[in-house]
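Student: Quick note, the sequence shown lines up with residues 1 to 309 if you use my numbering.
Derived by calculation from the structure, the hints in this document are not laboratory data.
Hints may be right or wrong, so weigh each one.
Said to hold, decoys possible - Ranges between beta-carbon positions, derived for each pair: (1) 110 with 282: 43 to 53 Å; (2) 116 with 260: 22 to 32 Å; (3) 2 with 266: 21 to 31 Å; (4) 119 with 274: 48 to 58 Å; (5) 208 with 140: 15 to 25 Å.
None of the values given here were measured: they were computed from a predicted structure.
Glycine residues also receive a C-beta, built at the ideal position from the N, C-alpha and C atoms.
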Amino acid sequence: MLSRAADSLYWLARYTERADSTGRLLMMGRRLAMLPEGVSGDDWRSVLRVAGSESWVAAGSEVTESDVVAILLLDPANPSSIRASLDRARANGRAVRTAITLEMWEALNDGWRRLERLNTDRAVRELPTLIDWVRGYVARFRGAVSTSMLRTEGHDFLRIGGAVERAGLTLRLLDVNYHLLLPEGEPTGGHRDHYRWNALLQTLSGLRAYYHVYRDNVRPWHISDFLITNRVFPRSLAFSVGQVRYHLDRLAHEHGQAMACHRSVELLDDRLARMGEGDIFRYGLHEFVQESLSELDRLSREIGEAYHF
């Protein structure tokens with residue numbers, strides 16, 4: 001496969017995943033803003049922080065829902081916005097039109113310009129409907145990939161890109177919410193923890209799965225294990241890293257050569273496998289998350305270097 005095709009497929013998956021993730025963040029912000037007084041805090045700014053878009057508002061300014069919707073839903077100049085993500089996903093799909101199926105191309109084309117017709121006020125009013133549309137758009141594309149694409153190296157690059165993007169969101173969400181929930185000197189537990197941790201799990205479609213695994217009240221150390229080391233929850237770090245490792249192993253077998261990215265994903269995957277219950281919280285959640293984000297960034301660069309994109 002040509003390196004530019006691999007690059008386009010990798011980023012096609014990352015941008016579709018990013019559109020879905022940003023929609024989840026917007027709905028998390030709306031849920032938190034509806035919490036009882038004294039619990040919500042500056043939730044809209046935290047949404048921008050998770051999306052890597054806090055620099056789009058002035059430091060210390062009040063951030064409103066309208067501000068965040070304009071930045072994360074509609075702004076074509078912000079690479080983290082849903083509109084920009086969908087535009088770039090389609091552009092990457094067009095660049096590899098002969099490498100994707102008709103069903104995948106149709107999914108990318110179905111209403112992709114819908115957000116261009118919206119202003120901020122209307123987008124705020126219709127936010128739940130718009131986010132449902134975005135999630136359906138991405139789900140249709142994922143379904144087309146699963147049911148129509150040959151399991152060649154092109155499929156591997158798609159899966160790697162989506163898994164890398166998903167892992168990064170889970171880590172950033174966990175880190176930002178940890179600092180909001182557990183400020184220095186404040187005990188764990190109570191309504192503050194309950195509402196916020198539940199909102200976090202809902203954002204990642206993991207609330208019912210968490211209770212299925214732990215069958216108890218929300219506990220920060222259990223959530224850190226669930227979102228980082230659990231091997232069967234599809235939005236956990238361990239699951240995503242396992243997917244990257246599996247597809248990189250396929251590429252190594254196809255090309256007859258393992259490179260730096262293969263060694264890096266093995267080290268990260270093995271590290272996660274060694275973490276026992278509560279180990280991450282004892283190690284330091286913020287420190288572990290930051291180290292893992294750095295390792296993900298390095299892994300992404302190494303994948304590009306290995307396959308020349």
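Student: Which numbered conditions among the earlier hints are violated in the structure presented, ordered from lowest to highest?
Tutor: Going through the list in order, the structure violates hint 2 alone and respects the others.
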